[in-house]
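**Q** Listed below, chain by chain, are the residues.
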Amino acid sequence: MEKKSYVKPTIVRHSIGVMNKYGRPPATVPMSRLAGFSVKELVGQYGSPLYVLEVDQLRQQYRNLFRAFSTRYPATRVAYSYKTNYLKAICSILHSEGAWAEVVSGFEYDIARNLEMPGDKIIFNGPYKTREELTRAFTEGAMVNLDNYDEIQVCEGLADDLGKKLPVGVRVNMDLNNPPWHKFGFNIEAGHAYEAVKRIQTGGKLDVRGLHIHVGTYVDDVNIYAAAARGLVSFYTYIKEQLGVKLEYWDMGGGYASHNTLNWAWQSAEYTCPTVDQYAEVICPILLNGPFGSGDAPKLFIEPGRALVDEPISMITTVVAQKRLPGGKRGVIVDAGMNVLSSVQWYNYNFQTVQDSGVTVEDTILYGGLCMNIDVLRQSAALPPVRRGEHLVIPHVGAYNLSQSWQFIYLRPAVIAVDDGKIHVIKARETRDYVQQMEQVPEDFQTYRSESRK
Amino acid sequence: MKNTSSGLTANPLDLFKICLKSYGVVAFAPHPVPATLMLTATFYYPLAGVMGIAGNLTANLTARWLHPIRSVRESGIFGVNGILVGLALAKYSEPSVKIWALLILGAGLAGILSTALAGYFAKYDLPILSIPFTAVAWLLLLVPGTAARHDVTLHAVQSLQHIDLWLFSKLPYVLFEYLKMFGSIFFQSNLLSGVLVLAAIAIYSRISVLAGLWGGFLGMLVYVFIHGSLIGFDGLNYVLIALAMGGFFVVHNFKSMGLMTAAILMVGLVEAGTQELFRSSGLPLLIFPFNLVAILLLFPLKNILPAENTTRPVPIPLYLIKSPESNLRWYRRWVLYASRQKTLLTLPFLGEWSVLQGNDGEWTHKGRGRYAWDFVVRDQSGGQLRGFGNRIEDYYAFGLPVLAPAPGTVYAVENRVNDNPPQTATTEQNWGNYVIIDHGNGEYSEISHFKQGSVLVSPGQSLQRGELIGYCGNSGRSPVPHIHYQLQQAGRLSAETLKSNFSEGVVDSQPQVHFAPETGSRVAPLETNPNPVWTLLGKEGEIWVYQVRESVFKYREKLIFSTDEFGNPAILGKDNRLWHLIDMPHFIEIRPDFKTYPSLINPSLWIDIVGEQLILPKILQDGFNWKDGEIKASVEMPGSWVVTSGNRRIVIDSSGRLSEMSLIHRTEKNMTLMKIQHKT
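Just so you know, the protein sequences line up as chains U and H, in that order.
Residue numbers for the first sequence, in our numbering: 1 to 454.
Residue numbers for the second sequence, in our numbering: 1001 to 1680.
Please note: incorrect hints may appear among the correct ones.
In silico DSBU-like cross-links for lysine-lysine, where the CA-CA straight-line distance does not exceed 35 angstroms [what the hints assert, rightly or not]:
(1) H/K1539 <-> U/K164
(2) U/K246 <-> U/K3
(3) H/K1342 <-> H/K1017
(4) H/K1302 <-> H/K1322
(5) U/K88 <-> U/K422
(6) U/K427 <-> U/K121
(7) H/K1322 <-> U/K121
(8) U/K83 <-> U/K427
(9) H/K1322 <-> U/K299
(10) U/K246 <-> H/K1539
(11) H/K1539 <-> U/K299
(12) H/K1322 <-> H/K1342
(13) H/K1342 <-> U/K299
(14) U/K165 <-> H/K1539
(15) U/K198 <-> H/K1539
(16) U/K240 <-> H/K1539
(17) H/K1366 <-> H/K1342
(18) U/K205 <-> H/K1539
(19) H/K1302 <-> H/K1342
(20) U/K240 <-> U/K83
(21) U/K121 <-> U/K165
(22) H/K1539 <-> H/K1554
(23) H/K1302 <-> H/K1558
Stretch-level coverage of chain H by chain U, calculated; a stretch enters the list once three of its residues show a Cβ under 8 angstroms from a Cβ in chain U [to be verified]:
(24) 1348 to 1356
(25) 1367 to 1381
(26) 1466 to 1472
By construction, these hints were calculated from the structure, which means they are not laboratory data.
Where a beta carbon is used, it is the ideal one built from N, C-alpha and C, also for glycine.
Working from the sequences, and respecting the hints, build out all of it.
**A** This is the structure we're talking about:
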């Protein structure tokens, strides 16, 4: 039997209770298997930490979302927000389900085209688009939503160059939440949006075909979407009357929540996160009151990211050490740092034990493995005793953690996809060569030589 | 000719056309080209030809003077009787001034008799055929000194007679008699006329010429069987009855071929049985057997309903008749439309739903209610709900919008029935909350199990396709939230359901034009189409003119784009017949006006080619299946579409307008190439 590492004994008050006024008691049911495979074996084969994508669940998320909206609105399109996670395999799976691509940079646009998405199935948003990128997007028939006057100017120039009137969408914003999201597009209440549409239409070089609004991120209050939809309808009615604009689409953007608890929330996401049906139920009927007949509703686009990819991906980590802090609080260090779990700044991730360690839980601070004081994965989690070498599974880590990860002192982990009982590596673990492949050392730079050899 | 017609007709050209057409009508080929050939055939004996013209003119002028209905007047049937009077007099009497006088009087009388008889026969939709001629000819031949007691010597065109005699010496006797017989339709007992008439029939209709040949052949056999030889054979009655019954008055098919053969035998019987009678009175038999047998057969066919579950040859309404081929086309279309669902239905919901119970279902869709559907929403794994399912709101379908499946008027509504808790149902108010829509054509939609208080429409309100009418619930005999849909033949609840299809949908991921989904399949309506097919067609008031080539004939047809009394798009086709254009988002269906039904005359080649549906190529890109076969669409020229399907070819030009259509091949006739010219 393996010799156990020494831990200084402490006395801890047991807290196993039923659900109290702060919500559900912490889960202590060990999760020895993930996606049908033993966690231990997965780590043994692909290393730790490890991202695990359950393909079936990803497809289910998409279909569920599409079902919710398409059964309530006559022409619904889901455009996957690339920035949430643009691993090629993930984008491909979603495209195979019928999702369009929503990109916010030339780089993302290129990824989509590289995946053979036709230009006319790509929505190009984002506040910063270069002239070259715009040229490509317009030439290939992408839907471009304009963010500011400078962009309007550039696009009008492009229209001259291309010798035709270009169809565009206009990004608008409203005072919906606190603090309000005013970064994207033109404000409706201040009259900026109307001025922008009027400016575009009178310019005669561009033609407004769509409106786009993005109300925020992780918006778990469906009333905000209701207000946004009402705003879009009245704005459309107004520009239709005043300027004769006829929309081909309207885009409700993204921001739909996933089942991860925000770290300032006092209730678990299980209770606060609306179902996709609840979002659709408020948005669609309001939009259907728009100024059009029953046969020619503009297409409705939604641009979910988090709501699609957050939940199907889990991360397996390994405990590397545990320690006792001066206040008596237990600290546990795992091998994944916040460089590969950037969403810890938003989420109170759920850390699930893999081994059965009993029902006795203790308030624990979870540290990442980076040599940085700020690398805290969770300030306070109720965990049973765990030892070095044991694994912890963090569910719902698919959104942003991969696309926002940065390489820092460790190599970034592999991503595997489990599909129908088969494992595919969709991104291999980094190697030193990979990390350094763009680097060059000029010959003049001398490498280390010992003093004696001079 | 101008001199003769002045005073009685405003347009001599019209009269000329009718007179010419009359020659064709004699051999059931009412068209100027065969008519010209037949006219020529009567000039083997120039005097006979002239007498034929005189009789023709007289009879037509009489009809013009007497008959009130233009289409009947111009049908040529009066001329037929006039022509025959002229030709028969030429054959059976020595020419003299008296004969000429008798001819004019007789032809006039034939015109009067035709008018009278046509009026009487119209009630029974019977043709007057050459009955007036037969009566008048007998009358004239009974006038003392008219009928020659010996063979009349008519003067034929010398050179033609030489050819005829030479052919007589070269050809086998039977063949000579066989071909000569066709000339006898015009009382021209010579081979050249016979060949000319046969050729004229052949040009006009393949069915006719085959029927005529068969009639002549069988007639000869019958004659030989009765008389022992061909001496005295004069086969016009056999040929005429074959032409008439072989596809002209009756739709050509196996049954009509049987009828035709029986009719030929009956003609033989009548001829044999009355021969002695006529010989003793000195009168020729003329076309008596044909007329008798034709009327005897057509009367019951047209006026006595068949016993139940029996099929018999189908007679064609007289005013529709043009040629055996056009009859056939009419009949096919008639069968198609008569058995058709009149309302084009789209699925009454948005997004993908599953059929919980289809037609002839396991639980409730039985008997009179068999043609119904229950739709529920299922997720990827087939579940209908999220969570525990103890609340009705857990079901995906609950509260989803329900739409009008087709335009119509709200007929009845129930909105007060409670929603059942999951897995319970009440049979007290079986239908729960419902909406019944009257589609205005004898068909009604019944949609059931709305959420309590969610129905948004009220009786009398008119609805558009796809209009929101309420929200899915669980009221009535409904254990789980679902939409019940049925098309029924009356407005009351539980009325008998009608076999129906939905249109424009995706069934198990496969786009379909018309479909009746089965239990377990997943269906979704197609999305709205921003470029409706209607934009391909003409605007109101626009006229399309195109040229049709039909075997050797070329003619122009035109379509006028118009609206019906409800302001919906319609086409005025040939003979001002109205065709409704049912404007679906993804295709257009062209349907005859059901109020004038069953007057489905051959509409125009354009409608014929389009058939029932015209589908926008835009859809073809998404793998749309046209129900009558695979569509191949390609872009040939920049910006223009070429669609081929089956034997159709449709070209849509760069402006998105339909510019050319053609039918590459068809079985009955070769109709090709149309170039459409738009006029406004």
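**Q** Indicate, hint by hint, whether the structure satisfies it.
**A** We went through each hint and held it up to the structure:
no.	hint	in the structure
1	H/K1539 <-> U/K164	28 angstroms, holds
2	U/K246 <-> U/K3	74 angstroms, violated
3	H/K1342 <-> H/K1017	40 angstroms, violated
4	H/K1302 <-> H/K1322	18 angstroms, holds
5	U/K88 <-> U/K422	18 angstroms, holds
6	U/K427 <-> U/K121	25 angstroms, holds
7	H/K1322 <-> U/K121	54 angstroms, violated
8	U/K83 <-> U/K427	17 angstroms, holds
9	H/K1322 <-> U/K299	51 angstroms, violated
10	U/K246 <-> H/K1539	22 angstroms, holds
11	H/K1539 <-> U/K299	27 angstroms, holds
12	H/K1322 <-> H/K1342	28 angstroms, holds
13	H/K1342 <-> U/K299	31 angstroms, holds
14	U/K165 <-> H/K1539	27 angstroms, holds
15	U/K198 <-> H/K1539	32 angstroms, holds
16	U/K240 <-> H/K1539	25 angstroms, holds
17	H/K1366 <-> H/K1342	23 angstroms, holds
18	U/K205 <-> H/K1539	30 angstroms, holds
19	H/K1302 <-> H/K1342	27 angstroms, holds
20	U/K240 <-> U/K83	33 angstroms, holds
21	U/K121 <-> U/K165	20 angstroms, holds
22	H/K1539 <-> H/K1554	27 angstroms, holds
23	H/K1302 <-> H/K1558	32 angstroms, holds
24	1348 to 1356	holds (count 5)
25	1367 to 1381	holds (count 4)
26	1466 to 1472	holds (count 3)
Of the numbered hints stated above, those contradicted by the structure are hints 2, 3, 7, 9, listed in ascending order.
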